[in-house]
Amino acid sequence: MNKIWMNHPKEATETTKQIVIEKNEMRNITLQHHEIYQIHIKEGVECNLFFLGEETDVTVEVFLEEKSKATISSFFQNGAIQFTGYLEGRESELVYSHSAIAKKDTKNAITIHHNESKTTSHIFCNGYSIDGATIIFDVNGHVNPHQEGCICTQDSKIIQKEASHSQIHPKLYIDNYDVEASHSAYLGPWQEEELFYLESRGMKRETAVKLLTKGLLLGKLTIDDATKGALTERIEKMDENTKE
Amino acid sequence: MNLKIKDLNVVTKNHEKEILKDFSFQIKEGEIHAIMGPNGTGKSTLSKVIMGSPDYEVTKGDILYNGASLLPLSVDERSRRGIFLSMQSPTSIEGVTNSEFLRTARNAREEKPVGIYAFIKEMEQSMQDLKMDSAMMHRSINKDFSGGERKKNEILQLKILKPELILLDELDSGLDVDSLKIVCENILKYKEENPHCAILIITHYSKILDYLVPDFVHVMKDGKIQMTGDASLAKKIEKSGYECVNSMSELVENE
Chain W
128 MNKIWMNHPK
138 EATETTKQIV
148 IEKNEMRNIT
158 LQHHEIYQIH
168 IKEGVECNLF
178 FLGEETDVTV
188 EVFLEEKSKA
198 TISSFFQNGA
208 IQFTGYLEGR
218 ESELVYSHSA
228 IAKKDTKNAI
238 TIHHNESKTT
248 SHIFCNGYSI
258 DGATIIFDVN
268 GHVNPHQEGC
278 ICTQDSKIIQ
288 KEASHSQIHP
298 KLYIDNYDVE
308 ASHSAYLGPW
318 QEEELFYLES
328 RGMKRETAVK
338 LLTKGLLLGK
348 LTIDDATKGA
358 LTERIEKMDE
368 NTKE
Chain R
107 MNLKIKDLNV
117 VTKNHEKEIL
127 KDFSFQIKEG
137 EIHAIMGPNG
147 TGKSTLSKVI
157 MGSPDYEVTK
167 GDILYNGASL
177 LPLSVDERSR
187 RGIFLSMQSP
197 TSIEGVTNSE
207 FLRTARNARE
217 EKPVGIYAFI
227 KEMEQSMQDL
237 KMDSAMMHRS
247 INKDFSGGER
257 KKNEILQLKI
267 LKPELILLDE
277 LDSGLDVDSL
287 KIVCENILKY
297 KEENPHCAIL
307 IITHYSKILD
317 YLVPDFVHVM
327 KDGKIQMTGD
337 ASLAKKIEKS
347 GYECVNSMSE
357 LVENE
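Line order of the protein sequences matches chains W and R. Per the working numbering, numbering through the first sequence is continuous, rising by one, with the last residue being 371. Per the working numbering, numbering through the second sequence is continuous, rising by one, with the last residue being 361.
Read the hints as simulated data drawn from the structure, not as lab findings. You may find that some hints are simply not true.
Derived, one-sided and incomplete: chain R residues facing chain W with beta-carbon distance under 8 Å [claimed, not checked]:
no.	residue
1	Ser-159
2	Tyr-162
3	Glu-163
4	Leu-191
5	Ile-199
6	Thr-210
7	Ala-211
Calculated pairs, DSSO-like style, for lysine-lysine (alpha carbon to alpha carbon, straight line, at most 27 Å) [as the list claims (entries may be wrong)]:
no.	chain 1	residue 1	chain 2	residue 2
8	W	Lys-196	R	Lys-249
9	R	Lys-227	W	Lys-341
10	W	Lys-337	R	Lys-341
11	W	Lys-331	R	Lys-330
12	W	Lys-331	R	Lys-227
13	R	Lys-287	R	Lys-345
14	R	Lys-345	W	Lys-337
15	R	Lys-287	W	Lys-331
16	R	Lys-249	W	Lys-331
17	W	Lys-331	R	Lys-313
18	R	Lys-218	W	Lys-337
19	W	Lys-341	R	Lys-249
20	R	Lys-345	W	Lys-355
21	R	Lys-110	W	Lys-337
22	R	Lys-287	W	Lys-298
Owing to the predicted nature of the structure, the values given are computational and were not obtained by experimental measurement. Ideal Cβ placement from N, Cα and C applies to all residues, glycine included.
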């Protein structure tokens, strides 16, 4: 039986924004609505990228050459991302942490293709749903039959401030025995155990929830202090202006 | 500081199980008490109920702290009044760093927020005292910490939050011999600096009581205190097990 691996990138058009990373660097990129970005990370390069998306629906494709390493963080406010990582080079590594805070329905799809052996991907998706907004995380990891020694993990969490129809779809398509793969998912309200721990140290519930929200949405992102401060303000502002 | 528990009945939240029954107990300023007992007798429940855990419900009796009932108070209010529970299995929280957590907790009990540099200095000193790796300051709360690191982290919080009633729920579990000594030395130092604080130790083993010598040892069984003695009672239990409680008549009133 023939298997078809859907691991082809979108065809670049004139409007596709091409970014080539040729040396080690940190870069913040504000993503524009309805744009397609293709990011090429050259052999041996280590980079740290941060995407900010507000009220945007964007497509990002990242290509990693041999022994390159990308630590990518994204923060989306009422926006959605279609992110695809192509691990094209042997021993390439992608750590992608995506945070979404939403007051309106958003669907995020994160897909990783391990197209070479000894490639690694760690995906973290964290969402905070306000006013009953539906956040969807479709998280897909593909390891082809010929690629050995790959590591493919995904952890997703969505906290619902109020009841919502949010969903997490963690999927691992593994067609090789020599693979380390795992996934975890949590969807629901704040865990009482965590709240009790923080409250038992003297924090009011409101303060504890604020701390947890910040931890959920920013804790996994590799960003500088100034960006962290700016995002904290965004989170607090958005969380304060809720329907209740 | 004075904690008085009177005829307390406690059930699980779903009312399926009664854990404490007519439980009475008192701990006064400066005292060290130890509660020992077999598994499942309600020792840890007691500490959680004092802290206000939502997992349990008090159906009868009262817990008086400095003369006022704790029962109407929320968990955070109890903490800010000076009660600290070092948990048996401290919760790990992904994404919230130890330093941010502790600074927020410290500021929750101060009228004026603590300056960041003063706080970092104090935290670094406390971590040094506990022989903790300073990098733990920037790690998520208890995330991927070993059992010993978690317990040290609890005592770090104690040192920063400066409580007057310290509840140690099986502090010795997960700690190696050297770490137990370090942790107990830190608690004793805190006690020396704050002689009015009182300590309630919940434990299965008497080893911890070699370092934190109790004024009173209580043996708990079936949800109530069956026997009270001095520090030597712990040694007797270690030698003969809890079965000896039935055959002994020793009882010291601590009121």
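Here's how the hints hold up against the structure:
1. Ser-159: Ser-159(R) check passes; min Cβ-Cβ to chain W is 6 Å, inside 8 Å.
2. Tyr-162: Status violated, d = 11 Å.
3. Glu-163: Violated. Min distance 15 Å.
4. Leu-191: holds (6 Å)
5. Ile-199: With Cβ-Cβ at 5 Å, under 8 Å, it holds.
6. Thr-210: This interface hint holds because 6 Å falls under the 8 Å limit.
7. Ala-211: holds (4 Å)
8. Lys-196(W) - Lys-249(R): Holds, because 25 Å separates the two Cα atoms, which is no more than 27 Å.
9. Lys-227(R) - Lys-341(W): holds (24 Å)
10. Lys-337(W) - Lys-341(R): Status violated; Cα separation ~47 Å.
11. Lys-331(W) - Lys-330(R): violated (32 Å)
12. Lys-331(W) - Lys-227(R): Holds - the C-alpha atoms of Lys-227(R) and Lys-331(W) are around 25 Å apart, at most 27 Å.
13. Lys-287(R) - Lys-345(R): Since the Cα atoms of Lys-287(R) and Lys-345(R) sit roughly 22 Å apart, the hinted pair holds (cutoff 27 Å).
14. Lys-345(R) - Lys-337(W): Measuring from Cα to Cα gives roughly 50 Å; hence the hint is violated.
15. Lys-287(R) - Lys-331(W): Violated, at about 34 Å.
16. Lys-249(R) - Lys-331(W): holds (22 Å)
17. Lys-331(W) - Lys-313(R): violated (36 Å)
18. Lys-218(R) - Lys-337(W): Judged against 27 Å, a Cα distance of about 19 Å means the pair holds.
19. Lys-341(W) - Lys-249(R): Cα-Cα ~16 Å, so holds.
20. Lys-345(R) - Lys-355(W): violated (57 Å)
21. Lys-110(R) - Lys-337(W): Answer violated: Lys-110(R) to Lys-337(W) is near 34 Å, above 27 Å.
22. Lys-287(R) - Lys-298(W): violated (47 Å)
When held up to the earlier numbered hints, the structure conflicts with 2, 3, 10, 11, 14, 15, 17, 20, 21, 22 and fits the remainder.
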